[in-house]
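A.B. asks: Sequence:
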Amino acid sequence: MALPPAEKKEPMEAQIKSVDMTEDMQQEAIALAIEAMEKFRDIAQYIKKEFDSRKGASWHCVVGRNFGSFVTHETKHFIYFYLGHCAILLFKTQTRVDPVPEVISTEFSSQLEGYEHVRAYCYNCQHWNGHCITRWPFFTVCFIPLIPLAMHKYKEVQCYTCRFTQDLRDRPDITPDTRPPAGMQYGIQPPPGAQGGWQQQPPLQPPPQAQGGLGYK
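Everything in the sequence shown is counted per full-length UniProt numbering, starting at 1 for the first residue and increasing by one.
Careful, some of the hints might be misleading.
Unchecked claim - Straight-line alpha carbon distances no greater than 20 Å define the calculated PhoX-like cross-link-like pairs of lysine-lysine that follow: (1) Lys76 / Lys55; (2) Lys92 / Lys49; (3) Lys55 / Lys92.
Hint data in this document are derived by calculation from the structure and do not stem from the laboratory.
Can you make the complete structure from the sequences, with help from the hints?
C.D. replies: Below, the structure is given as structure tokens:
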């Protein structure tokens with residue numbers, strides 16, 4: 001006995017109520033909704049999962065009856081449509097991160113004018129490698145200096161060996177003519193035996209302290 005022919009279902013037609021996405025994405029959303037209905041799947045979960053996979057997170061889908069949707073801004077990723085008696089709302093959300101200007105403090109430093117050739121004694125590492133510099137900190141936004149953080153430049157002596165830094169006012173022994181004593185090398189001294197064999201090295205002598213605030217020459 002022949003079975004009666006199966007009743008052919010009429011294809012469901014979507015009624016788009018509101019949309020802000022490309023035509024291709026609209027058709028894709030409708031096709032996924034129809035597929036979910038025909039296979040008795042969780043429509044909202046199925047559409048969200050597929051759009052997250054194909055378009056990137058994070059998509060949200062709401063499915064139900066008798067609810068409306070009103071969007072007051074452009075999203076470029078939004079559709080609200082009916083499929084039969086079922087209302088479907090699909091949209092994408094993303095965290096908006098406004099660019100924050102980078103606020104940092106920058107220091108401008110240079111050799112102190114008139115003291116470019118100074119090599120002063122360092123009381124920290126005991127080397128004659130102190131250089132006279134000026135330093136001026138600035139408040140900067142996006143690497144653009146805006147506000148100086150000091151009313152004047154700092155004048156300092158910095159050892160290029162150990163980076164020990166002192167205010168130049170605390171070193172009255174330093175003048176534009178300050179140099180290492182005769183026979184004393186600049187910078188880091190070689191360790192004993194570096195020239196072959198052990199050699200007794202004379203101790204480094206600090207410069208005489210200035211008396212009465214007068215500079216040592």
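A.B. asks: Indicate, hint by hint, whether the structure satisfies it.
C.D. replies: How the hints compare with the structure:
Distance hint between Lys76 and Lys55 is fulfilled; the C-alpha atoms sit about 12 Å from each other, no more than 20 Å. Note on Lys92 and Lys49: the hinted pairing holds, with a Cα-Cα distance of about 12 Å set against a maximum of 20 Å. With a CA separation close to 10 Å, the supplied pair Lys55 and Lys92 stays within the 20 Å bound.
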